[in-house]
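Respectively, the protein sequence lines represent chains S and R. Each residue of the first sequence is one higher than the one before, counting from 421 in this note's numbering. Each residue of the second sequence is one higher than the one before, counting from 259 in this note's numbering.
These are calculated hints, taken from the structure and not from any lab test. These numbers come from a predicted model, not from an experiment. Beta carbons: idealized from backbone N, C-alpha and C, even for Gly. Heads up, some of the hints might be wrong.
[As the list claims (entries may be wrong)] Restricting the straight-line Cα-Cα distance to at most 27 Å, the calculated cross-link-like pairs of lysine-lysine (DSS-like) are:
#, chain 1, residue 1, chain 2, residue 2
1, R, 470, R, 292
2, R, 292, S, 469
3, R, 292, S, 723
4, S, 669, S, 576
5, R, 418, S, 576
6, S, 729, S, 660
[Said to hold, decoys possible] Simulated restraints on C-beta separations:
#, chain 1, residue 1, chain 2, residue 2, range
7, S, 692, R, 466, 18 to 26 Å
8, R, 614, S, 617, 21 to 29 Å
9, R, 606, S, 492, 51 to 59 Å
10, S, 557, R, 486, 55 to 63 Å
11, S, 473, R, 393, 28 to 36 Å
12, R, 362, S, 711, 23 to 31 Å
13, R, 474, S, 692, 14 to 22 Å
14, S, 617, R, 608, 30 to 38 Å
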Amino acid sequence: MAQTIFGEAINQAIIEEMRRDESVFIMGEDIRRSVYGATANLLEEFGEKRVIDTPLSENGFFGAAIGASLVGMRPIVETLTSFMWVGMDQLISQAAKMRYMFGGQARLPVVYRATMFYGGGSAAHHSDRSYPMFMNMPGLKIIVPSSPADVKGLLKTAIRDDDPCIVFEDGTLAGSRGEVPDGDRLVEFGKANVLRQGEDCTVVAIAGSVSMAMNAAEELVAEGVSVEVIDPRTMVPLDKQTILDSVEKTGRLVCVDPAHKVCSAASEIASIVAQEGFWSLQAPVVKVASEQVHIPYTPALEKLVYPTKDKIVEAVRETLD
Amino acid sequence: MAIISVPAPCGLSRTAAVRDRRQAERGAEVNIDKELLRLMLRRMWTIRHFEVKVIEVHSAGEFTGGAHPYIGEEAVAVGVCAALEDTDYIAGNHRSHGHPLAKGGDVKGAMAELYGRVDGYCKGKGGSMHLADFSIGILGESGIVGSSVPVATGAALAAKIRGDDFVSAVFFGDGASNQGACHESMNLASIWDLPVIFVCENNQYAVTTSYKDSVAVEHVADRAVAYNMPGVSVDGQDVIAMYEASMEAVKRARSGQGPTLIEGLTYRFDEHSLGLGRVRRGAYRSEEEIEKWKKRDPIEIFTRRVVSLGELSEADCEAISEEERLKVEEAVEFARNSPYPEPSELHEDMWANPIAVP
């Protein structure tokens, strides 16, 4: 076990998988010089053919990755969530739909690594947390890691998976540290992580909000409240059983989601529990998600948008009223 | 083959060229193996009979949805695919029947797909606009125009990375030539010297909008100048001209010299789509224009030429047409008798590594 920074864990996963499998290559903007940190040392080890700097052409290179995957390569594409809008047609019309549309002929082992920068004054065009919009589209596996160990293990799984995966890398975690197990450790898709056992309320938290949920749970101990914290780790596939089992035990649910609240991942979890876990509930489900506004530049307003530890504490109290 | 250079736009180097558009009518000699000539004629007839039949059975209500006849444009896909190997890849667009049939795709599977049956290429899940047969390099047709251009470019990127010698060709229309995906892909292919052939089927109308009103240059091929690749505007009614231009492009691609843009100047004899309702012809193109183009039927042009040169006999040509007509008739019977998918098929084929259905 080694203490590893989130970005380094991503870098390790890429290097290990590129060493393991020659069909893995990576493309994106400014990756050879590792502008965002996760692609350091790749060019030196793997050369220009497998580490490709692209022009600013998301439609072009998102699609080129799809075409390469169809004929046997395993491309990794580095991008930012906010640039995904530019290449949306390729992600939706091609990556998500091809396999089904062609009756199962297509195999698309392509991974899009999309960083979500938010919370740091990046304003409306660089702060997207868009995974719920992709959950709505069948055909894409949606990965939302919250720790260095998970981002490494999930990214490795994604690279070996034969379906299109989008790994949403939470930029607020970029400098976070955590223990990453040594060796070739994969994290399975669709297995939620129960980070903290509790009896009174279940908090399901996603990506950067997981640590806030853990801090909120710690704070609530002083009030004699025992909170169970669950990180789904992947939204597609979603481990709904772990969530339903937890709600059966606690009778209460708070869903924390850095995405906008309407049709959010939190909404989907709340709806599953409302339909399949209704008789376990002792209180209404509470969503703690981002306000339904664009991300304002000024820190004075931006700090009001996202879930916080205090909002989660308040939501848990609401379920206990 | 005569190459006439055109004034290059913006004072850039002259990479675009316009082929002599009437060499077929002039009866210029051909230097192509007879078997290949037969194959080209055969595939043009396969497509023609297929489309004629599709219009008939679609009008009779035998299947639903849109379908986009390729009648009049056969020489483009056939000329390009005649220059490809089975191990090469193609991708295409909504006007999709001609491309896979030109690549040698199974006629029965294509027809069964239009009928939405389990024996279709895509088990009935794709339909007319999404024919694909990966077993012979047909990476699929895209209903979103221009959207398959990056995909074909990516297949070529894989060839470059691995050092494979396959090439990919992608078909798109004059309308799609205005899509960002096309422009981005041509730039990518050129900076990376990818083995891809961009084939613009300029049938002159994006539904009802003339390319003269939507493309800023005289020929779509002129745009190649901006991507520093060869661009050539070819008579799209002349399958031999299309084949020869494609052979040059394939040779360049396979030898690592990068992409080529080929514009096949052609014409859609029928309307944009079946099932869309009939657009009154005079509303966007004149009867005179349509009749003028119908006189340049690619199959007639080819047949006249090879017969007059003594390459094939009239009887040969008629026999080929009849064989293909029967093949299409059989395909319709096959499609009619093929079952619809079971309801249990609904959730199949979503994932290569399956996950639980939400």
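Results of checking the hints against the structure:
| no. | hint | verdict |
| --- | --- | --- |
| 1 | R:470 to R:292 | violated, 38 Å |
| 2 | R:292 to S:469 | violated, 42 Å |
| 3 | R:292 to S:723 | violated, 75 Å |
| 4 | S:669 to S:576 | violated, 33 Å |
| 5 | R:418 to S:576 | holds, 25 Å |
| 6 | S:729 to S:660 | holds, 24 Å |
| 7 | S:692 to R:466: 18 to 26 Å | violated, 47 Å |
| 8 | R:614 to S:617: 21 to 29 Å | holds, 25 Å |
| 9 | R:606 to S:492: 51 to 59 Å | violated, 23 Å |
| 10 | S:557 to R:486: 55 to 63 Å | violated, 36 Å |
| 11 | S:473 to R:393: 28 to 36 Å | holds, 35 Å |
| 12 | R:362 to S:711: 23 to 31 Å | violated, 57 Å |
| 13 | R:474 to S:692: 14 to 22 Å | violated, 52 Å |
| 14 | S:617 to R:608: 30 to 38 Å | holds, 34 Å |
In summary, the numbered hints that this structure violates are 1, 2, 3, 4, 7, 9, 10, 12 and 13.
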